[in-house]
Amino acid sequence: MRKRVPLLVAVAGFLLAPLVMLTPSNAGASSTHAPVRAPNVVGLTRAAAYAALARANLYFSTAGPGSAAGTWTRVLSERPRAGTLLAWHATVQLTVTQAPSTPRSTTTRPAPAGAFHHSPGRVPNLSHMTRAQVYAVMHRANLYFTTRGPGSANATWRSVVAESPAPGTPVAARSTVVLTTSLLNPVAPGHVRVPNLTHLSRAQVNTVMRHADLYYATRGPSSWTRVISESPAAGSVVALRSTIALGTAGVVATASTTRTLSVRPTVAPLTGSTHYRIGVATWYSYIPGQCATSYLPRGTQITVEDLDTGVSITCLVTDRQDYSPGRVVDLNETQFSQLTALWRGVVRVKVSW
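If you count the sequence shown from 1, position 73 lands on 79 in the working numbering, and the numbers rise without skipping.
These are computed hints drawn from the structure, not numbers from a lab.
One or more of the hints may lead you astray.
Derived CB-CB ranges, DEER-like [said to hold, decoys possible]:
no., residue 1, residue 2, range
1, Ser318, Ala209, 24 to 32 Å
2, Ser300, Gln104, 40 to 48 Å
3, Trp94, Ala161, 36 to 44 Å
4, Ala75, Arg247, 46 to 54 Å
Derived lysine to any residue pairs resembling SDA-like cross-links, with alpha carbons at most 20 Å apart [said to hold, decoys possible]:
no., residue 1, residue 2
5, Lys356, Tyr301
6, Lys356, Tyr290
7, Lys356, Gln344
8, Lys356, Thr324
9, Lys356, Arg326
10, Lys356, Thr306
11, Lys356, Pro331
12, Lys356, Tyr282
13, Lys356, Leu302
14, Lys356, Leu313
15, Lys356, Thr288
16, Lys356, Gln296
17, Lys356, Ser300
18, Lys356, Thr315
19, Lys356, Ala298
20, Lys356, His281
21, Lys356, Val317
22, Lys356, Gly305
23, Lys356, Gln341
24, Lys356, Gly316
25, Lys356, Pro303
26, Lys356, Gly332
27, Lys356, Gln307
28, Lys356, Tyr329
29, Lys356, Ser207
30, Lys356, Asn202
31, Lys356, Gly295
32, Lys356, Arg333
33, Lys356, Glu311
34, Lys356, Ile319
35, Lys356, Gln327
36, Lys356, Glu339
37, Lys356, Ile284
38, Lys356, Arg304
39, Lys356, Asp312
40, Lys356, Thr309
Glycine residues also receive a C-beta, built at the ideal position from the N, C-alpha and C atoms.
My request is simple: use the sequences and hints to build the entire structure.
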């Protein structure tokens, strides 16, 4: 009996030798390229399926409604079945649909840990970035953008002066941010150009300076109604939250009387059948050469003159503006920029027709 034991041990060692030889020798190495199991993506949305398969280091192809254009919304089935052991970077075939997705119970399948790639994020601060910088930042943030303002039509804009939604606003992945652009070169990070505040009212100054992230101090009457000077001059580059010194006035003196400055619209006849109205103009994204008023019929040709500079433009009334005391016309961004900088937001004008 003792003589048979070595023989049995030898036979067992001979049979187990191939198994030992097939065992990987680098057992402690990384398992990055080890086989993976197909995740269960049936019922998931497109974003969730992307995240789950990317986390598993697998590719996929689609068939079904919306697969060619990438507009499918939900996975109906997958092949191989979920749980199948696959090689690293293997391809899973998905049958998809464009029907609205139905959330699956989290008790059946928890949300993939890699779903952070498609989770809601926040709008980055793009103010004063160049076009190349905007593309890079929005690509990293997984967001799209559209532009309006000078240079947006032919992609010649050089910097961003405003964005909507505001920086820091929570948004879903692949949301679209509207950027207001400028033909001016961007300023250094943490700096901003001083807006033109001359002749603006107190309320308008507060709005413009809050948007520019600047403070101001006034020299003049405590009950001032308008700005008559500013230092540094409009267009100067200053650090964010700098203080701008404003010279202010409360009344405007004329040869016959003294009146309080107001943006209340006035209307009076000129010569013949020509009339005019004085008030505030603002801008919105609209058709070049066309504008909106609340008091003139569509098809009326009007002339809009900047009361500060004397520069004037003409446009055709084709839209209706919401009534707002003091606002006499809404211009498209292209023509507003011909009168003054877009970042001012408003300008005192005379509308003639």
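Results for each hint:
1. Ser318 x Ala209: 24 to 32 Å: Given a distance of about 25 Å, which is inside 24 to 32 Å, the answer is holds.
2. Ser300 x Gln104: 40 to 48 Å: Distance hint for Ser300, Gln104 holds at roughly 43 Å.
3. Trp94 x Ala161: 36 to 44 Å: Roughly 41 Å apart at Cβ, these two residues keep to the hinted range, so it holds.
4. Ala75 x Arg247: 46 to 54 Å: holds, 47 Å
5. Lys356 x Tyr301: holds, 14 Å
6. Lys356 x Tyr290: holds, 18 Å
7. Lys356 x Gln344: holds, 15 Å
8. Lys356 x Thr324: Since the Cα atoms of Lys356 and Thr324 sit roughly 19 Å apart, the hinted pair holds (cutoff 20 Å).
9. Lys356 x Arg326: holds, 18 Å
10. Lys356 x Thr306: holds, 15 Å
11. Lys356 x Pro331: Given pair Lys356, Pro331 holds - Cα atoms ~15 Å apart, limit 20 Å.
12. Lys356 x Tyr282: holds, 7 Å
13. Lys356 x Leu302: Holds, at about 14 Å.
14. Lys356 x Leu313: holds, 7 Å
15. Lys356 x Thr288: holds, 13 Å
16. Lys356 x Gln296: holds, 17 Å
17. Lys356 x Ser300: holds, 15 Å
18. Lys356 x Thr315: Distance ~12 Å between Lys356 and Thr315 Cα, so the pair holds.
19. Lys356 x Ala298: holds, 15 Å
20. Lys356 x His281: Between Lys356 and His281 the Cα gap is close to 10 Å, so the pair holds against 20 Å.
21. Lys356 x Val317: Holds - the C-alpha atoms of Val317 and Lys356 are around 11 Å apart, at most 20 Å.
22. Lys356 x Gly305: holds, 19 Å
23. Lys356 x Gln341: Holds: Lys356 and Gln341 sit about 15 Å apart, inside 20 Å.
24. Lys356 x Gly316: holds, 10 Å
25. Lys356 x Pro303: OK: Lys356 and Pro303 at ~18 Å, within 20 Å.
26. Lys356 x Gly332: Distance ~12 Å between Lys356 and Gly332 Cα, so the pair holds.
27. Lys356 x Gln307: Distance ~14 Å between Lys356 and Gln307 Cα, so the pair holds.
28. Lys356 x Tyr329: Holds: Lys356 and Tyr329 sit about 17 Å apart, inside 20 Å.
29. Lys356 x Ser207: holds, 16 Å
30. Lys356 x Asn202: holds, 19 Å
31. Lys356 x Gly295: holds, 17 Å
32. Lys356 x Arg333: holds, 11 Å
33. Lys356 x Glu311: OK: Lys356 and Glu311 at ~5 Å, within 20 Å.
34. Lys356 x Ile319: holds, 11 Å
35. Lys356 x Gln327: OK: Lys356 and Gln327 at ~17 Å, within 20 Å.
36. Lys356 x Glu339: holds, 18 Å
37. Lys356 x Ile284: holds, 4 Å
38. Lys356 x Arg304: holds, 19 Å
39. Lys356 x Asp312: holds, 7 Å
40. Lys356 x Thr309: holds, 8 Å
Violated hints for the displayed structure: none, as all numbered hints are satisfied.
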